[in-house]
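Generate the whole structure from the sequences, applying the supplied hints.
These are the residues of each chain, in order.
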Amino acid sequence: MKLTPGAVITEPGSTTRYQTNGWRTFRPAVDSGKCTGCGLCWLYCPDAVISRGKPPGVDYRYCKGCGICANECPAKAITMVPEERG
Amino acid sequence: MKQALTGNEAAAIAAKLARVKVISAYPITPQTAVVERLAEFVANGELDAEFIKVESEHSALSACIGAAATGTRTFTATSSQGLMLMSEMLFVASGLRLPIVMANANRSLSAPLSIWCDQQDSMAVRDSGWVQLYCENNQEVLDSVLQAYRVAEELLLPVMVCFDGFILSHTAEPVDIPGQAEVDEFLPPYKLPNPLDPCRPVTMGPVGVPECYEEFRCMLQEATRASKEKLIEVGRAFWKHFRRRYGLIERYRSNDADVLLLTMGSLGSSAKDIVDSYRKRGEKVGLVRVRSFRPFPVKELIDALGSAKAVSVLEKDVSPGSAGALFLDTAAAFINVKRAPLMLDFICGLGGRDVSSLHIREAVRAATRAAEIGEVRKAVRWLGLREKLVGLRI
Amino acid sequence: MIEVRFHGRGGQGAVTAARLLAEAAFLEGKHCQAFPFFGAERRGAPVVAFTRIDTKPIRIRTQVYEPNHVVVLDPTLLEVVNVAAGLKRGGVIVLNAKAAPKELRIGKIATVDATSVAIEALGAPITNTAMLGAFAKATKLVSLDSVAKAIRGHFRGKLAEQNIAAVKAAYGETAVMK
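First to last, the sequence lines map onto chains A, B and C. Going by our numbering, the first residue of the first sequence is number 744, and it counts up by one from there. Going by our numbering, the first residue of the second sequence is number 2, and it counts up by one from there. Going by our numbering, the first residue of the third sequence is number 96, and it counts up by one from there.
Think of the hints as simulated: they come from the structure by calculation, not from any bench. Remember, it's a predicted structure, so these values are computed and weren't measured experimentally. Among the hints, erroneous ones may be present.
[Said to hold, decoys possible] With a Cα cut of at most 27 angstroms, we get these calculated BS3-like pairs of lysine-lysine:
(1) Lys745(A) with Lys229(B)
(2) Lys151(C) with Lys281(B)
(3) Lys241(B) with Lys151(C)
(4) Lys3(B) with Lys125(C)
(5) Lys231(B) with Lys745(A)
(6) Lys281(B) with Lys183(C)
(7) Lys310(B) with Lys285(B)
(8) Lys192(B) with Lys745(A)
(9) Lys151(C) with Lys125(C)
(10) Lys203(C) with Lys263(C)
(11) Lys777(A) with Lys819(A)
[Stated by the list, open to error] Coverage of chain C stretches by chain B, computed from C-beta distances (three or more under 8 angstroms per stretch; other residues unrestricted):
(12) 120–130
(13) 152–164
By construction, the Cβ of each residue, glycine as well, lies at the ideal position given by its N, Cα and C atoms.
This is how it looks when you write it as structure tokens:
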């Protein structure tokens with residue numbers, strides 16, 4: 744890779760190549776029985792890794808495990824569970 | 002067409018001839034007339050450009066950075082405190098490698114408040130990654146702004162065209178104004194390689210992590226070094242179009258000189274008359290004027306000064322606790338060179354102090370004396386200082 | 096090289112006078128330089144401006160210390176400024192005054208009541224262009240035509256013509272004393 748003058752990044756969305764799942768020690772687990780599909784987790788996720796739905800989808804390639812979704816969920820449908828590491 | 006113009010008018014007309022599309026500047030003495038003229042040109046339809054009014058110089062340069070990022074030819078002008086207020090954005094402009102051209106009417110810095118000429122303002126930002134050109138007369142102001150765009154746009158470097166406040170900015174003298182068609186031929190429109198464009202998204206100004214920041218600085222350093230060749234090349238092209246010659250330095254009766262004056266800006270002009278008067282008496286005195294301070298013309302100065310016995314640097318700036326910037330860089334140029342002249346530094350003309358013919362002669366005499374005795378007893382001196390007011394023997 | 100110093104008060108147009116004189120000389124094929132004394136100009140405060148004229152390019156950029164001629168736009172300045180300072184031998188002091196004051200004994204003196212001329216021609220006591228007419232007559236350094244042309248380059252329409260009228264009237268009324 745050669746750097747461009749002025750550090751201009753010419754490929755839109757190139758940050759998707761940088762996966763942040765390694766930052767995580769806890770992952771959100773959704774209990775689909777409790778989920779009401781209200782969408783607050785989707786709204787609050789600072790990394791936009793949650794897609795709307797009942798239950799919502801989580802893109803674990805980028806989820807940093809911050810736990811905001813679990814904290815905000817009014818139905819207590821999301822719990823943070825320890826990452827299993829081999 | 003020749004016309005009597007002030008330095009400010011010459012700068013404004015040059016920007017107009019360059020067909021700048023965005024101007025953002027904030028008025029400050031002694032540069033105000035540049036802004037006034039350009040606002041007039043835009044208001045009466047002589048110049049098709051956007052004049053962005055701002056509340057400060059910080060914003061003026063910020064607006065220019067935004068405009069230049071889209072690939073638009075932009076211009077700004079300032080002086081002194083205005084340049085200081087811009088200083089944060091100066092580094093952003095060069096770091097983003099945006100080819101902005103700025104006219105700086107050199108003025109001293111507060112405190113104490115002074116609206117008068119010296120070169121401490123641009124010297125204070127010499128490490129900001131801008132090419133810095135210093136002009137001797139108003140013709141050179143006009144010509145340098147035109148050349149600056151070529152250099153800036155071909156290397157993606159911002160360029161600062163410096164001219165002495167009042168001494169040039171407020172002095173009217175004959176200036177040859179080139180025709181628009183000739184200028185268009187010399188300075189065609191340009192294309193920024195990766196402009197900000199909603200149809201082709203790019204990211205500008207990302208974080209430079211330790212793994213790549215140094216590389217970006219090195220690229221800036223290399224581009225600025227390359228601007229030496231570019232300035233020479235553009236100077237040649239300018240000669241072809243307009244029959245006026247410009248290089249990195251100007252040598253005046255310096256080839257066989259034993260004693261040389263070295264200076265920048267409008268002082269070069271007065272010094273030529275003094276050189277002539279010594280030459281009439283058969284004394285081998287000459288002058289070298291640095292036009293490009295960044296990039297610094299190391300090789301050219303070694304060639305120009307190397308065979309002289311002694312050099313007196315005349316400069317309107319001082320780095321307190323050290324010496325004048327021109328002296329320091331010139332002295333550094335001779336490191337690892339076997340034959341170097343003796344060098345003296347004369348700090349002069351600060352805050353509008355007139356550098357008279359007598360002062361310039363004093364600098365010649367001091368260098369002559371150093372050449373005779375083969376040593377310099379005191380390297381850094383003040384010229385025209387009213388020592389009694391300081392209460393010290395300097 | 097000819098060096099001229101203009102004395103005036105802020106607002107009387109000394110800086111413009113210096114520039115118009117330079118441009119008039121330029122129109123006659125000479126090299127020129129015009130600049131104000133670099134200060135903070137305020138209305139009413141004494142101001143100084145300079146013109147240099149030569150047949151070859153002018154390189155010297157120091158202030159003018161020994162002028163060939165001096166132009167004084169306001170008679171009351173004589174009490175606060177030494178207008179004859181550094182004046183070269185044979186130089187002319189062109190003075191806005193009804194008569195030459197006794198205390199000035201240096202050089203040749205030319206006088207004109209430029210204030211009356213300016214009020215008549217412009218309706219305001221802005222004496223700079225009238226004094227250029229007096230200067231042209233006293234020194235013969237530039238022609239009336241060139242001064243008029245320079246004025247037309249700076250002012251438009253009626254204002255230009257009024258100023259040219261002031262130049263001509265002052266030229267006619269200037270008395271040159273030895």
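Hints versus structure:
1. Lys745(A) with Lys229(B): holds (24 angstroms)
2. Lys151(C) with Lys281(B): holds (17 angstroms)
3. Lys241(B) with Lys151(C): Holds, at roughly 25 angstroms.
4. Lys3(B) with Lys125(C): With Cα atoms ~12 angstroms apart, Lys3(B) and Lys125(C) stay inside 27 angstroms; holds.
5. Lys231(B) with Lys745(A): holds (23 angstroms)
6. Lys281(B) with Lys183(C): Satisfied, since the Cα-Cα distance of roughly 24 angstroms is no more than 27 angstroms.
7. Lys310(B) with Lys285(B): The hint holds at about 11 angstroms.
8. Lys192(B) with Lys745(A): Answer holds: Lys192(B) to Lys745(A) is near 21 angstroms, not above 27 angstroms.
9. Lys151(C) with Lys125(C): With a Cα-Cα distance of about 7 angstroms, the restraint between Lys151(C) and Lys125(C) holds, given a limit of 27 angstroms.
10. Lys203(C) with Lys263(C): holds (21 angstroms)
11. Lys777(A) with Lys819(A): Roughly 7 angstroms between the alpha carbons, so the hint for Lys777(A) and Lys819(A) holds.
12. 120–130: Our answer is that it holds, as 6 residues pass the Cβ test (under 8 angstroms) against chain B, meeting three.
13. 152–164: holds (count 7)
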